[in-house]
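Let chain A serve as the given structure and place chain W on it in line with the hints.
Protein sequences appear in the order of chains A and W.
Those letters in the first sequence? Residues 1 to 135, by our numbering.
Those letters in the second sequence? Residues 1 to 135, by our numbering.
Calculated from the structure, these hints are not laboratory results.
Incorrect hints may appear among the rest.
Remember, identical chains collapse to one label, so a pair may be satisfied in a single copy or spanning two.
Simulated pairs of lysine-lysine, BS3-like, Cα-Cα distance not exceeding 27 angstroms [said to hold, decoys possible]:
hint : residue 1 : residue 2
1    : Lys125    : Lys38
2    : Lys25     : Lys14
3    : Lys25     : Lys107
4    : Lys25     : Lys117
5    : Lys16     : Lys117
Number of protein chains: 2
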Amino acid sequence: MVKLTEEMKNDFAKMKIFPFATASKSGEPNVIPIGMCKLQEDGETIWITDNYFLKTRKNLDENPRGALYVWGPDIEGCYQIKGDIEIKTEGEDYEKMYKEVKAKSDKFPAKALVVMKITEVYECKAFAEPGKRLL
Amino acid sequence: MVKLTEEMKNDFAKMKIFPFATASKSGEPNVIPIGMCKLQEDGETIWITDNYFLKTRKNLDENPRGALYVWGPDIEGCYQIKGDIEIKTEGEDYEKMYKEVKAKSDKFPAKALVVMKITEVYECKAFAEPGKRLL
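Bound-form chain A, shown alone:
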């Protein structure tokens, strides 16, 4: 696993919406905006709430890999993060996420907890060395 640096953690915390990409087993790419995406204290685990995933969930069930990037207004760096995915629909972690989401609003279904363990981080800033592996 790979831990984000302090600089990357700060950028991650400022993000409101992340583009989250998955692919089917046969290689059909998909990308959606996600709001509930939280870096855990270990700096190497991301919790994503599945409220409305359809193609994304199907992809993750058959091909448990995800990619997202950290970048936007007021964000210092531009990092692409890839990781291995585990889907949880019960257990302690799922219950914890479920309670937090329901506390925000009962309208969110919080169907599943998508746990992403970071495996790689890449540069994605133009004029730097985009595509270069950083971690």
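For chain W alone, kept in the frame of chain A given last:
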């Protein structure tokens, strides 16, 4: 092919940065922010400039499919667009793009023109019917 509606075209025109997803043939997802991404007048063709693509280009060479979404501040709808990709590094279309990009700044390499023919459009707004095919 699929033509965007007038409403979708208006939203598309307001976007500054698009999240652009691809996948390797073996299904490894990738997503990057792209700035030079322009809907053509036919409403069904998107021109993307490859300035710094690395994994994205490798993916497109072996698996010519792409996905992006239209959404953000001041954007009315939320649409996910998928399409078939053709890479052009010479010819009339490539030359046209190359000149336009170089006119902005000589620092952009404009390595290739990524032509995406839209094949599907999906809803991606929360509380609507996210994942539903619209076109």
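Tested hints:
1. Lys125 with Lys38: Both, since 22 angstroms and 20 angstroms are each at most 27 angstroms.
2. Lys25 with Lys14: neither (32 angstroms within a copy, 33 angstroms between copies)
3. Lys25 with Lys107: So Lys25 and Lys107 fail the 27 angstroms test inside a copy (32 angstroms) and across (38 angstroms) alike.
4. Lys25 with Lys117: both (19 angstroms within a copy, 22 angstroms between copies)
5. Lys16 with Lys117: within (20 angstroms within a copy, 30 angstroms between copies)
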